[in-house]
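J.: Chains as they are written, first to last, in this note's numbering: chain A, 1058 to 1120; chain B, 61 to 387.
Heads up, some of the hints might be wrong.
Partial chain A-side listing against chain B, Cβ under 8 Å, derived [stated by the list, open to error]:
1) Q1059
2) L1063
3) Y1065
4) A1066
5) R1067
6) T1076
7) H1099
8) T1107
9) T1108
10) T1109
Negatives, chain A to chain B, calculated, CB over 12 Å [stated by the list, open to error]:
11) R1090
12) D1091
13) G1092
No lab work stands behind these hints, which were simulated from the structure alone. All values derive from a computational prediction rather than experimental measurement. Idealized CB from N, CA, C, for every residue including glycine.
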Amino acid sequence: MQPFALNYARPAAELEATTPYAYDSGLQLNVLRDGRIAARDHGLMRELGTTTSTAGSKTHFDD
Amino acid sequence: MTVLILTSEEDVTADMVVVHLNASGVPVVRLDPADLPGGVALSGEYVHGAFRGHLSAAGRLVSIGGLRSIWVRRPGAAAARAAVPSDWLTEEASQALYGMLRGSAARWMNHPDAARRARHKPWQLHLAQRCALPVPATLITTFPQAARAFAERYPDLVVKPVSGTHPQDPPLAVPTSRVAPDTDFSAVAHGPTLLQRRVAKRADIRLTAVGDRMLAARKATDQDADPGEIDVRFAPSAAPWRPVEVPARVAAGVQAYLRDAELAYGAFDFAEDADGTWWFLECNQSGQFGFVEVDTGQPIALAVAEWLAAPGQERPSRVNDRGSVVR
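Chain A on its own, in the form it takes in the complex:
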């Protein structure tokens, strides 16, 4: 009784990798351990994939 589309399903990749930044509620921004703003480090964001179209798929419709 499995729906047709699930014949093409695969195990979900674990995207919740540990990130090298933490949220600073005072700044309202995520901050790296050395105090830099994570969002300004585009190389790091590309590497982590936290801004990609599959990030957040667990809880949101819109990728």
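Chain B: place on chain A using the hints.
T.: Leaving out everything else, chain B in the frame of chain A:
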């Protein structure tokens, strides 16, 4: 006047916008409804014919009447992190928060009613057709015979979720996948199935629309790619996203789509075929944009920040009540 951002703490894409808002001196309050009640608090009173409401988060207090715009980015479910969470409390907290915010004069990116409607993929296809955007032949059905007949007309097909969501119990990914011509379609009866003519694409296009601005990026299809891997979100590719000009006809269609959908933001996915035609696949009303900006350098976060920081204006709404005004 303050910009309110509803999103999760780990949302670094929202950070990209907050950085610009901070640089321009626009006040920002960022909160996750998941923390209501707890880290987020609210109060509103309807007395003597007037409403006064306030929100507070992380030591910041903002009047609901003092909001210039509301960005619904990636909010958690209301009360999800409450001390004693429950479905009932989630509904209570959600109605209190979004109900009060609906009464504000702030501009929305995007209004919850428009966002809810815009998530429906079949409605997206309908609206795209109406806006003269090319849509690949598509069938959504629970009739196996209809699926077989469609496969005879369009032997090169893909299947993808109708809702765009992925199962969570257990966690599975359902990428857009090619369907072999001799496939057994009997399981179509067990759930609505979306079949679509495969576009033999030479590139993926992501067009990010922010208000009246359109920033499009193109990712060339890898010539050595596995022909079975057609979902750009799941197929590994070294090809970068590159800025690309938006064809005039596409721009007109996208503008009409946003207007009719009452969206201030939309991330459109197209497949570019060998003739250069952009085939509409979907429009994600809260789609990611950071991955495009870090590749292309296109100022998408700045465009979002500028839209959020702009003065408010009334616009007609047809979401629930044709002719009424949603602010």
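J.: Confirm or reject each hint.
T.: We went through each hint and held it up to the structure:
no., hint, result
1, Q1059, "holds, 6 Å"
2, L1063, "holds, 7 Å"
3, Y1065, "holds, 4 Å"
4, A1066, "holds, 4 Å"
5, R1067, "holds, 5 Å"
6, T1076, "holds, 7 Å"
7, H1099, "holds, 4 Å"
8, T1107, "holds, 5 Å"
9, T1108, "holds, 3 Å"
10, T1109, "holds, 4 Å"
11, R1090, "holds, 15 Å"
12, D1091, "holds, 16 Å"
13, G1092, "holds, 14 Å"
In summary, the structure agrees with every hint in the numbered list given earlier.
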